[in-house]
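S.K.: With the hints as your guide, set chain E onto chain V.
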Amino acid sequence: MTDLSLDPNAGRPFWRRLLGFNLLTGLLLGVGGFYLGWYGGHWLVNGLDVPSLDYVGDTDQNDVSLFLAYILGVAGFLIGLGFGVYPLARLRGYPPSLREKETTGVGRYFGLSTDHKVIGLQYFIGIGFFFLVGGIDAMLIRVELLRPEPNVWPAGNYLTLVTEHGTMMMGMMTSGILGPFANYLLPLMIGARRMAFPRIEALTFWLLMAAGTILISAIGFGGVPTGWTGYEPLNLQANYGMDAYIMFFALVGISMTLLGLNMLATVITMRAPGMTWRRLPIFVWGVVTTAALMLLAAPVLISALMMAAFDRTVQTGFFVAPLGGSSYLFENLFWFFGHPEVYILALPGFGVVLELLPVFARKPLWGYRLAVAGMVGVALLSWTVWQHHLFVSGIDSDLRPFYMFSTELISVPTGFIFLCAMGTLWRGRIRYTVPMLFCLGWIFNFLFGGLSGIFLSDVPSDVTTHGSFFVMAHFHYTIMGGLIFTFFAAIYYWLPKMTGLMLDERLGKIHFWTMFIAFNSTFAPLFALGFMGMPRRVVTYPSDLQGLNDWVSASAFVLGISMLVFLGNLIYSMLFARVPAPANPWGSKSLEFQLPSPVPVHDFDRIPVIEGDPYGYGEDGAVVARPSLRPAGGEA
Amino acid sequence: MRRLGPLGRILVVWLVTSAIAMTLVAVFLAPHLPPGSGSKEAAGQQLDNEVLTLVSVFVVAGVFTYLGYALIAFRERGDSDGPPIRGNGRAQTIWVVGTTVIVLFLAAFGTYQLLGGAGGGQGAEPVFVPAHSGQSPLQVQVIAQQWQFTYRYPTEGDFESAHLVLPVDRQIELHVTSLDVIHSFWVPALGLKADANPGADNIAYVTPEKLGNVQIHCAELCGLFHGYMFGSGSIVTPSAFASWVASERRFVAPVTHYLPAYSTTYLPDPSFRAG
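Read top to bottom, the protein sequences are chains V and E.
Each residue of the first sequence is one higher than the one before, starting from 71 at the first, in the working numbering.
Each residue of the second sequence is one higher than the one before, starting from 478 at the first, in the working numbering.
Check the hints yourself; a few may be wrong.
Heads up, incomplete: computed chain V residues facing chain E, CB under 7 Å, no partners named [what the hints assert, rightly or not]:
#1 91
#2 529
#3 605
Here are the computed distance ranges between Cβ atoms for each label pair [as the list claims (entries may be wrong)]:
#4 E/709 <-> V/598: 18 to 26 Å
#5 E/741 <-> V/121: 30 to 38 Å
#6 V/628 <-> E/497: 27 to 35 Å
#7 V/203 <-> E/716: 58 to 66 Å
#8 E/606 <-> V/394: 49 to 57 Å
#9 E/711 <-> V/119: 53 to 61 Å
#10 E/709 <-> V/112: 30 to 38 Å
#11 V/634 <-> E/545: 29 to 37 Å
#12 V/469 <-> E/545: 38 to 46 Å
#13 E/545 <-> V/157: 30 to 38 Å
#14 E/567 <-> V/203: 47 to 55 Å
To be clear, the hints were calculated from the coordinates, so they are not data collected in a lab.
Idealized CB from N, CA, C, for every residue including glycine.
With the rest of the complex left out, here is chain V:
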C-alpha cells in the first residue's frame, strides 16, 4: 500500500513552520483587521458628511466602526488561516500549497485541514469549549436566582448573562451533532472518502470559532440586553454589544448554510455503489433532513439581522414603527428561521437515537420507512408552524386556529420516532451501556418536552404560559433533554472510533445518572414556576417562589458538576488510561465500525459495494458490504 503520510513541513526548522498560513497568522491578521476596521470606521463616519451617519458619529458608541472591525477581523482571520491560498493559486495558475492536506502531526488540528476526520475532532473540541462557556453562564444565572431580589449581578449584567447563555447554546449546539459526528462519520457511513466540499467544511468550523469569540467579546462592549431572540426595537436601543450578537448570528448562519449544503451534496452525490436511499443508516437521514432545513432557514436569519444592522447604523426604518416599519416584521422573520432552527436541533437527536437503539437492542430498526417519514414530515411541517411564537402578539386572529392545528399536527411525525424507538426495543436483547442509557434518557426527556409543546400549541393554554418559565421548561426538556443527551450518547458511542481510545464505562454511568437526575430536578419545577406566574428573563420574582427557585438552582449546580464528571472522564480516558479501542466495540453492523479505530487517513482501502442496510441483526447471512471490510489491525 502506498505511504499516504504527508508532511509538507518535513525537514523544516520550527520557526519556518510558524511563518505561512496557520492559526497564529490568522489570529494576528484577525486582530490587525479588527483595528483596521475600527479606526477605518471612525474615519468613515466622522469624515463623510452623511446625515444618517451623523447620529452614529455623535454618540460615543460607533456601530459602524464595530461592525467594520468585526468584519475585517474575521476576513483577516480566515485569510491568515489560509482559506485564500487555494482559490488564489488556481486563479494564478500555480499548484496550490499542500499544507491543508497534512496527514501527520498534532499541528494539523490547529489550522486549516481538509481531512473530514480532522475537522470532526476540531468541531468536537471547539463546540465543547463554547458549550462549557454557555454552561458557566447558566450557572451564573442560577446563582442570581437564588434570592428574589437582585443579589449578585446588576440588572444589565444579568440580562447579558441570559443572552450570552441562550445565544451561545443556540448558535453552537445547532452544529453540535452535525459538526463533530456528521463531518467525521457521514463519508464513512455512505462509503465515501471525503465530503463533497472539504474546504467549505473547514470554513464552517472556523467561522463558528470566530463567531463564538465575537459573542464573548460582546461583554466588553456593553453586553446584550435582548435575550437570544434579539427582538426589535429593544435591539435598536442596545449598546454596541448588540453588534457582536448580530455578527455572531450572521457568521453562524453562514456556517449553517454551508454545512447544510455540504452534507446534502455529499449524501446526494457521493454514496458508494449499492448504497440506495433505503439502505442509508437512519442517522444519515437525520443529517439530510437537518441539512435541508439549515440550508433554507439560516439565510432568513441572516437577512433579518442585516436589516437590524442597517437600522442600527444608517437609520433605516425596517423595524421602527415611527418610521413606518414594524416590530412584527422582525418577529416574523426571526421565527420563520427560529422554528425550523429548533427542528435543526431536534432532528440529529432523532437520528442518533434510532441509530444506536438497534445496536444495543440487537435488533433491526423497527419501522425504517416510518422513521424516515417521521423525519421528513417534521422537516416539511416545521415551515408551517412559526406563528405559534406570536399567538398573543396581536397577529390577525384568523391565523391562530390554523397555526394551532399545524403545530399540533407536527407532533404526529414526531410520534413516529417514538414508535420506532419503542418498536426496536420489543423482544430485543438490551445491553445497558452508557450510550444506550443516554438514548433511554432521550426517550424519557423528549416525551415530557414534546407533551409540554402540545400545551404551548393550544392557543388558550398558550395565553397562560407564553413568556413564562413553562416555555423555558419546555425547550430545555426538548433541547437539553433531547439534543444534549443524544450529544453525549454520540460521544460515548463514536469517540472510541474517532480517537481510538475507550471512555471509562463506570465514570460514564456516574455521569449519566448524575446528569439525568439533576436535569429532571432542575427543569421539572420550572413547569410549576411557569404555572405560578413567573415570567422569563426576570432578575427578581415574588418571594413565595424562592423555595422552588432555590431547589432549581441547587439542582442546576449538580448538573454542572455532572458535566465536570464528563470532562474528568474525557481527560482521564484520553490522557491517562488510554485504553485502546477495538475496531467494533459495540458490535455494530454499520460501515464505520468495519474500519479500524481510529480511522486511517485514507478511510477505506477500497470503496465497498453495498448489499444491505446496516440493521441486519438476527438475520442469518445478512451482508452489509462486499468485499467484507476486515479491519487491517484485526477484529476484537
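M.R.: Here is chain E on its own, set in the frame of chain V:
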C-alpha cells in the same frame, strides 16, 4: 389476564393505570391548574389546561407502562441477537391513526375555546368577540412603556392612571399598545395576555368574575428593568369602580390636560427614536 399476550397485558395495565391516574388528576390537580376562574376567559383556559393534562397523563402512562415492561423483560441474554423484526403494519397504522385522532381532537377543542374569546390579545381586528350581556364593554387602554404600565379610560373621562381597577361581571375591551419596545401585558388570574407593540393596537377581551387583587406582570423582555415591571390591579364592584373613577379623575386632573388626544397608538417623533 393470563390468556393475553404480553402486548395485551401492557394494554390492560396502561388502561387501568391511566384511568386511575386521570381520575386522581381530574379530582385533585385539575382545580388548581392555572389560570383559575377569575374570569370567563380564564375558566376557559383552565379547562383547556385540564384537558391537555389529562391527555398527557394518558400518553405518559402508555409510554411508561411499555418501557417499564420492555426494559426489564428484554434485557440481554447471552450473546445472541434479537429476532429480525423490521416492522408491523398493523401497529404502525393503529399508531398513526390514533395519534392523528388525538391531535385533531385537541385542535378542534382549542379552536372551540378560542371562539369563546379565551385567546388573549387578538390584534387590531379581533374575530372572536365573546358575547356580552348587559352593558357595552368597558374600554380600557393599556399603555406599556419602559418599565411601567399605565391605563387610560377613554369613556370614563379620558384620564390616565397608574392603577388598574376594573368592575366585576362586565366585559372589558382592552387596547394594549406600547410607546417604545415590545412588552406583554399579563394578568395571570384573569387569563389575559396581550403583547404591546409600538405603533400597534392589540385588543383583548376579559370579563372578570371574582373580586380581589390581581397580579400584573410584563411577559416580554423589554430591557433593563423588565424584571421590575410588575404590579397589581383590583377587581371591584361596579359602585366601587364608579367612586374610584371619580376620585382618580380628581387625583390626576392636574396632568390630564397634558395628555395627547386618545388614539389607539402613540408614536414618539421619529427623531426621538428608541435609543
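S.K.: Against the structure shown, which of the earlier numbered hints fail to hold, in ascending order?
M.R.: 1, 8, 10 and 13
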